[in-house]
Structures are given as structure tokens and as C-alpha cells.
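Asks: Those protein sequence lines, which keep their order, are chains Y and E.
Taken in order, the first sequence gives residues 0 to 274; the numbers are from numbering that gives the first Met the number 0.
Taken in order, the second sequence gives residues 0 to 274; the numbers are from numbering that gives the first Met the number 0.
Certain hints may be false.
Note that the list lumps identical chains together, so a pair holds whenever it fits in one copy or between two copies.
[Stated by the list, open to error] Derived DSSO-like pairs (lysine-lysine); straight-line CA-CA distance at most 30 Å:
{"no.": "1", "residue 1": "Lys153", "residue 2": "Lys164"}
{"no.": "2", "residue 1": "Lys164", "residue 2": "Lys90"}
{"no.": "3", "residue 1": "Lys43", "residue 2": "Lys90"}
{"no.": "4", "residue 1": "Lys25", "residue 2": "Lys51"}
Just so you know, the hints here were simulated from the structure itself, not pulled from any lab data.
What follows is each chain in one-letter form.
Protein chains: 2
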Amino acid sequence: MENMNTNHITESVIERLANTPDPRLKEIMLSLVQHLHQFAREVKLTEVEWLKGIEFLTRTGHITNAQRQEFILLSDVLGLSMLTVVMTNEKPAACTQATVLGPFHVDNAPHYALGDDVANGAQGQPCQVQGSIKGVQGEAVAHARIKVWQSDEKGLYDVQYADRKQHQARGKLTADAQGRFHFKSILAMPYPIPHDGPVGQLLEATARHPWRPAHLHFKIDAPGYETLITHVFRKNDPYLATDAVFGVRESLVTDWLEQADGSYQLDFDFVLNPV
Amino acid sequence: MENMNTNHITESVIERLANTPDPRLKEIMLSLVQHLHQFAREVKLTEVEWLKGIEFLTRTGHITNAQRQEFILLSDVLGLSMLTVVMTNEKPAACTQATVLGPFHVDNAPHYALGDDVANGAQGQPCQVQGSIKGVQGEAVAHARIKVWQSDEKGLYDVQYADRKQHQARGKLTADAQGRFHFKSILAMPYPIPHDGPVGQLLEATARHPWRPAHLHFKIDAPGYETLITHVFRKNDPYLATDAVFGVRESLVTDWLEQADGSYQLDFDFVLNPV
Chain Y
0 MENMNTNHIT
10 ESVIERLANT
20 PDPRLKEIML
30 SLVQHLHQFA
40 REVKLTEVEW
50 LKGIEFLTRT
60 GHITNAQRQE
70 FILLSDVLGL
80 SMLTVVMTNE
90 KPAACTQATV
100 LGPFHVDNAP
110 HYALGDDVAN
120 GAQGQPCQVQ
130 GSIKGVQGEA
140 VAHARIKVWQ
150 SDEKGLYDVQ
160 YADRKQHQAR
170 GKLTADAQGR
180 FHFKSILAMP
190 YPIPHDGPVG
200 QLLEATARHP
210 WRPAHLHFKI
220 DAPGYETLIT
230 HVFRKNDPYL
240 ATDAVFGVRE
250 SLVTDWLEQA
260 DGSYQLDFDF
270 VLNPV
Chain E
0 MENMNTNHIT
10 ESVIERLANT
20 PDPRLKEIML
30 SLVQHLHQFA
40 REVKLTEVEW
50 LKGIEFLTRT
60 GHITNAQRQE
70 FILLSDVLGL
80 SMLTVVMTNE
90 KPAACTQATV
100 LGPFHVDNAP
110 HYALGDDVAN
120 GAQGQPCQVQ
130 GSIKGVQGEA
140 VAHARIKVWQ
150 SDEKGLYDVQ
160 YADRKQHQAR
170 GKLTADAQGR
180 FHFKSILAMP
190 YPIPHDGPVG
200 QLLEATARHP
210 WRPAHLHFKI
220 DAPGYETLIT
230 HVFRKNDPYL
240 ATDAVFGVRE
250 SLVTDWLEQA
260 DGSYQLDFDF
270 VLNPV
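Please put together the full structure from these sequences, using the hints given.
Replies: And the structure:
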């Protein structure tokens, strides 16, 4: 016989999970249920508030499709995505830190040779990008595979233009035998995350803005090393302290130096962790 | 400047919520974020597991429509619905306890006179239901409005039959001047909650069955009293100890007495809480 009250109900759900065959699923479910119930008890959640939560999740599910992932956006603005990235990618202090992948990564970016202009017609101030890829012992990571992607002067990625026929400000490159790379692009700009859905309503209700500071995405792969997914941020960006998705790490912020001709230069060296 | 690590990120999200204008929303969001992060840290949630969670919520959103609410079902099987019901409906010990509304309540049930057969053609063993409605001081609650609904001998509610043209085993009645009621119906049977979606997969992965013990739903309204939403359960039901949605309370279980002719009789007295 069961007799539910607020003290007993959590124990009862925990008992019911006792026969979960997968030990990791069991561990996750036990922790999830306990924290979910602790939250509800702590705020003394009412039935009316509970229903608002159900309706919020329903709207979040219904706006999600192949092009838009509102649950990831929700996880992002609650700091859960970044927390998971940080925990999953703990590395020695000498290594370049990871940050969120973000929703604008695509698999089939075009290939470029070192020195090429990956902007490929995207509008913005010209920016020269260069650096090196090394291992923790200082060894060059020869022929590392590099993917880069970024926003244009309007703060938009190529995939956000419905009429764009080719990839812009996005590409794959291969470092040279000394692990060095260089390419031309444009200056990345700050941009708001999509905020015309439930997550935008949550940001508004909590008096938060939807902006991310300007950044250039890197994904770096090399045999024998852990894949690095990160951004390089731009010093003095107005949104560094309040990134809507909590992705900023101090070690990833650097000066993008303005040149006499109004173009920019970004130098950044990456350090990979051996597998 | 922000510099995210697992210790700092929660503080950072909390700071970002500091300007939430509605104090209750602020309280709820602060507690939610802290417990969500504590959960992720406690299990050291990986990016792969996080993505499985995102995909689970997405499937839950996509199967939800006007006829099916999979997020409520998820809340039910995690004990959150019942916890919220119990917290929202704390009453003096003398009062009848509340339990979950469930997904099969409808607004426009047919009206019946006392003594009528609410089964209205639904199949099952005949069952006579009778009792009284009183207040905490023992006073009769005259002309209380009663809604009842229940499953048939197959464990199905009328709304689960696609071809059913009229409501069955469901109705509205009004108690007499002494707060007494009686009506004819059928014996309620145990039934499984819908388990052909994500929530069913979760139950299967955690080695849980989807069954609810047999019960008759009551919703009782009367001026000057709190609305009571509850069930009456049947003693010796095989699922009393393992209700899939954790809705059983000992005070709501009673004998449904089998009569010499094979029919049943259920007697239950309700005590309402004054507003």
C-alpha cells in the first residue's frame, strides 16, 4: 500500500527505479528525480505554476524542427550546455579550453587552401587570421584539420540567409607540417540568439538580453589528440560579461588588432590534449 | 569578463537572473537553475548524455498534441504531478485527500439525476455507488456538484474509443439537501497509461510497468468549500503498491463490496475543506 505525502513521494519514485538494468541510467534517473522534487518542494510549486511549465515545454517542443532546436537554446540560456561542455572537456591547464558548439555548425563546409579567403563574399571588415596548433609538450601538430565558422557584419551566419546559395564565412583548412595556419576572413560581430520563441519569452521575463559577444568558431581534429571545439572571442566586446549562453572563458579572449588600413588581424595559438 | 568553470557557472547564471521583475518567477528560476546544475554536476553529465536528453524532450514535444499530453505523462511517472497536487492541496486531517486529475477528465459530461445509471451502455459488472458530502464540522454540504468518470471492463475511458458517439461511465450529479448522493455505474478496472511513446520507452528502460490500479474519479464543487479532485481506489487491487503515476493515498482505498448477485457496492463519504 502506498500513501503519498510530500516526504514520502520521492522515496517511492526512487524505490520504483530500483530495477533499472543500466547502472548509468539508474544513477542519472535517481539524481534527476531527487533534484526535480527538491526544486518543487523548495519553491512549493503550485498546480497553476506546474501547468505553466507544462505549457512552456509544449511550446518549446512544437517550435523545434529540423532547422531550429529550441530545447538546446533553453539548455544554453540556463547554463546547462556550457556546464556539460566544461565537465566533459576537462583538460590539463596548458590546453586550449573548450566552449559550446552552437547551432550554426554544419558538416559540409567548403575546403580552402592556407591563405584563401573563407569569407567567400560575406560582408564585413577584412580580417587576417593566423596561428599554430601544438600539443601539450610543445610539439607541432602537423596537418591538423581545422573548421572555422562565424557571423558577418550583420551578425548573421550564412545558414540564416534563406536565399544564400553557397557557404560563406565558413570553411575547412589543413595546417601545414609545422601545425601553422593562416587564412583571410571578415571581422565577426555580436549577434542575438533566436529570441522569437519560448526561450525569447523566458529571456524577456527574466530581464535578460539575447546577445552573444563576437567570436570565431574553431573545431580542430588531429590523430592522437582530443577534438577541440571552441571559440576565439574579441577583447572589449560589449557582451563578454553577459554572453546569453555563458560560453566565454577568459583564456579564449584576445585582441583582434586593427591595422592602419582598417582591416584586422587575429593571432591565436591552440594547444591540443593527447587522447 | 566571465571565465566559466564548473564552480563558477551556476553563480553566473544566478547573477544573470537578478533583475527578474516578478519575484515569484525569480524565486522559481533561481531554484530551478541551482537544482538543474546540481543534478548535472552530481552525475557528471556528459555531452552525449545531454544530447540524449535533448532528443528525448524533442520526441516528447513532437508526440504532444490536442489529444495527447506527453509532458504531463512524463511529470506523472516522475512523481512530480502528484507531489505538486499534494503540496497545493494540504488540508486538515479530517478532510478527504486529493489526488491527480488525470488526462481523461472532460468538461461537458452529461447530467444525471440521483439514482440514474451513469454507465450509459459502458460494459462492466454493475456497481452501485453511494455516500455523502460533509464539511469539516460534520455539516451536510447541500446540493454539492459531483462529477464522476472511470474506465470500463477493458480498462478504457469513453474518450479512448474513436467511434464512441456518447459519453459513457461519466457524468454530473447534484447531491440532495443532506449532501447525499447515489448512482449506478460499473466496476472500474486497472489500466495502463499510454506507453507507446517516449514515456513508455522510459518506463521500459527503468523496468517499470505502466498500470494504474482501478479507481473512480470524483470532482466535487460546492460554494464556500475548496474544490476536491480525487479518486476512490479499490482494496486488493494488484497495482495499489505500484501505481505508475504515484496517485494512491491510503485514505482513498476502500472495499467495493461484491453482492450475492455478482454486482458491487461502493460506499464513500467525502469531507470538504472550507475556503
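Asks: So which hints don't hold here, by number, going up?
Replies: Hint 2 alone not satisfied by this model.
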